[in-house]
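Protein sequence lines correspond, in order, to chains A and B. Counting in this note's numbering, the first sequence runs from 1 upward without gaps. Counting in this note's numbering, the second sequence runs from 1001 upward without gaps.
The set of hints was computed from the structure by calculation and includes no laboratory data. We treat Cβ as the ideally placed atom computed from N, Cα and C, and that holds for glycine. Check before you lean on any hint, since a few could be wrong.
Stated by the list, open to error - From the derived model, a few chain A residues whose C-beta atoms are all more than 12 Å from chain B:
{"no.": "1", "residue": "Asn92"}
{"no.": "2", "residue": "Leu377"}
{"no.": "3", "residue": "Thr415"}
As the list claims (entries may be wrong) - Below, simulated EDC-like cross-link-like pairs (lysine to aspartate or glutamate); rule was C-alpha separation at most 20 Å, straight line:
{"no.": "4", "chain 1": "B", "residue 1": "Lys1064", "chain 2": "A", "residue 2": "Glu384"}
{"no.": "5", "chain 1": "A", "residue 1": "Lys37", "chain 2": "A", "residue 2": "Glu384"}
{"no.": "6", "chain 1": "A", "residue 1": "Lys237", "chain 2": "B", "residue 2": "Glu1070"}
{"no.": "7", "chain 1": "A", "residue 1": "Lys271", "chain 2": "B", "residue 2": "Glu1053"}
{"no.": "8", "chain 1": "A", "residue 1": "Lys248", "chain 2": "B", "residue 2": "Asp1015"}
{"no.": "9", "chain 1": "A", "residue 1": "Lys118", "chain 2": "A", "residue 2": "Glu130"}
{"no.": "10", "chain 1": "A", "residue 1": "Lys253", "chain 2": "B", "residue 2": "Asp1015"}
{"no.": "11", "chain 1": "B", "residue 1": "Lys1073", "chain 2": "B", "residue 2": "Asp1009"}
{"no.": "12", "chain 1": "A", "residue 1": "Lys164", "chain 2": "A", "residue 2": "Glu174"}
{"no.": "13", "chain 1": "A", "residue 1": "Lys248", "chain 2": "B", "residue 2": "Glu1034"}
{"no.": "14", "chain 1": "A", "residue 1": "Lys237", "chain 2": "B", "residue 2": "Glu1053"}
{"no.": "15", "chain 1": "A", "residue 1": "Lys261", "chain 2": "B", "residue 2": "Glu1034"}
{"no.": "16", "chain 1": "A", "residue 1": "Lys246", "chain 2": "B", "residue 2": "Asp1009"}
In case you want the letters, here they are:
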Amino acid sequence: MEIALIGNPNTGKTSLFNNLTGSYEYVGNWSGVTVEKKVGVFKNNIGKLIDLPGVYTLNPLSKDEGVVTSFFLHDSFDRLLNILDASQLERNLHLTLQLLEFDKPVLIGLNMIDVANKRGIQIDAAKLSEILGVPVAPVVARSGKGCDKLVDIIGTKSMQPARKNLVYYGEEVEEAILALSNEIKGETGHSRRFLAIQYFEGNEYVKKYLHQMASSEKLTAILTNLEVSVQQRYNVKTLANFIYLKRKETIDKMLAEVVSKNGEVVPLTEKIDRIVTNKYLGVPIFLLFMYLMFELTFDWLGTRVSDALDAFFSGPLTSWLEAALTVVHASAFIHALIINGLVAGVGGVLVFVPQIFILFFFISLLEDSGYMARVALVMDRIMESVGLNGKAFIPMIIGFGCNVPGIMAARTIETPRERLLTILLTPLMSCSARLPVYALFVGAFFATHKAIIVLSMYVLGVVVALILAKVFSSTLLKSETSLFVIELPPYRLPQFQSLWRSTWDKGKGFVRKAGTFIFGGSVFIWLLSYAGPAGLNVNMNHSFLAGVGSILAPLLAPLGFGTWQAAASLITGFLAKESIISSMNIIYFAKNDAGLQGLLSHYYTPLAAYSFMVFILLYIPCLATTATIYKETGSKKWTVFAVVYALAIAYCLSFVIYQGGKLFGFV
Amino acid sequence: MFCSLKAGDKGKIIDISHVNHLVQRRLLDLGITEGSEVCVKCIMPFGGPVMIESCGQCIALRRKEAVQIEVEKL
Ligand SMILES: Nc1nc2c(ncn2[C@@H]2O[C@H](COP(=O)(O)OP(=O)(O)OP(=O)(O)O)[C@@H](O)[C@H]2O)c(=O)[nH]1
Ligand SMILES: [Mg+2]
């Protein structure tokens, strides 16, 4: 049995999905968190549950909404589980009425009962169920309350809608529905009434679907006739509007029977909003939040834990391993591979796990509290001036964690031009994999201003992205259309447990990558540094790795880091940005106590170090990001463009910083 | 016109048809159309977006679109 979850954005579908299937998918307090279909299995094995992006209606505007409409038309499923936000019942029921027209078994999960009650809204679920003719189960997806009952109902009750045609659309429309149904008789397995109404509303997906099976002239004729007669008789602007109003009438009647309100309460949300979306304080507050985040990550907490971990890896762990290797009489080759390759390479990345977790914790806090949509609001004016809209800032913030989900999140941007632009620019956001590089270099060169230097990297990424957005949108991607309408969800106090889970879920990826990709990469890089044209165990300066690196090194000299070591680690950075660190650890393998940080000062000046950090911030999207850009744009041309422009801009900026800095007498 | 409203003012929408049709569609999705009561919560500086409240939900839209909505002050 396959059950599809469907409902308005931000109503708690994914929370329920996680609860019922025991999985952990992405939850956040803004509209458009889920952007693709996800499948899970019910805990009690009664079937599969399919999580979908949130939609307001089945007539899509953006790509993530299109996913749902295509799913409806082309995929098979047995039942629908419609999630309603009890505190926004009126708006949610528009979708429900459309779903009921689809004529498949439907079950309604009435979610956010706690929120509704707090606002003084009481809903008679039994009555609602009676009117709609399908079972209604009140739940609180966040805490899991009522979920058992919901599963019970799924397993036992019939959910075939007991009532047909809840909405009567008036004589003209009903006639046209019949006429259109006749045209497509026997051609489709879907409800013809549903298809007809969607077609009348201007649903492009349904239009394409219907035009495949019946003569498009006939269908268009029915539609235009209907439009004319409705406009004449009822004096409405469009047919779509007329259909909307008919649904609204039905809903209003329904609500009068099931909803009772007592006493309005001024929600806390409004009080918070008065501060964080304050006219003048909005942007400074956001920057302050980011600054605190970096202070905690790099100064107050993260670095201390990381240093302790580092001391453990290079001290006790290495000696234990060495002892163990001696006991098993490992060959010199294996010994070097494990100590100089793996411990240096993988350990060098794992050391940064504490810092990365702190960063992820803050990103999760941003996502779960409801602040995300406010940031979009606050940033919209700036984004508008560069040809984007405030919503494009959400993918960018997600990109601070990892660029891949950031690029996926661009699906919620309605206009294709702005979406493409966002996809191209999100890789400039400094992801967590770049963080170890900063941590290492600020530790070595800028010990007194760690947080500020790192913040400058993040801000630089955003500023470069904004400037490029302006450049691209006034040259390559010209167009006027831009759309910014965003829902600002009420603030929700993040629960510690869900915060921890979402931090863990993001951080897990980092650890897993260290165990697989970086592990493999470290072995490979170590081999390249161990072998050379002259054979095995050569001096590293004569290894294959040095050979490859020195080809590129002269090119990098004007940027301040023209060493083969820097060049070689940059090459590996394309695979994954953490590889830069593991390569450096292997290359500069330091047995003494000074460690890598101490060694670096022989190779870099502070100015060169800053230039190197800037280069790494911008130079190329990693392999996974490049693949995602290709998947999301579907165009080789734009993928190549994303890689090439990034390289060019990184080179230019590092050049300007290094040479300019030298002119001004920095070193 | 929306510009006659200040933060904190309430109004009723009487005509929304001059607004860009995509924006109209999105507003309709959110249940905001002719006849809806709205309350202006906050107007961002430098011609930035406005934040309005309607039926218990907050939404933001751009100033240039907001001024095309005709409202009657309540
Ligand atoms: N108070 C309360 N909050 C809830 C409840 N269910 C979900 N939430 C919160 O609502 C927010 C949205 O939850 P999601 O599960 O991401 O919503 P969604 O419907 O999947 O959202 P989209 O994927 O954007 O369509 C999260 O912050 C949840 O913690 C509930 O029953 N009560
Ligand atoms: Mg979701």
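Verification of the supplied hints:
no., hint, verdict
1, Asn92, "9 Å, violated"
2, Leu377, "5 Å, violated"
3, Thr415, "8 Å, violated"
4, B/Lys1064 / A/Glu384, "12 Å, holds"
5, A/Lys37 / A/Glu384, "31 Å, violated"
6, A/Lys237 / B/Glu1070, "16 Å, holds"
7, A/Lys271 / B/Glu1053, "14 Å, holds"
8, A/Lys248 / B/Asp1015, "18 Å, holds"
9, A/Lys118 / A/Glu130, "25 Å, violated"
10, A/Lys253 / B/Asp1015, "24 Å, violated"
11, B/Lys1073 / B/Asp1009, "8 Å, holds"
12, A/Lys164 / A/Glu174, "13 Å, holds"
13, A/Lys248 / B/Glu1034, "12 Å, holds"
14, A/Lys237 / B/Glu1053, "25 Å, violated"
15, A/Lys261 / B/Glu1034, "24 Å, violated"
16, A/Lys246 / B/Asp1009, "30 Å, violated"
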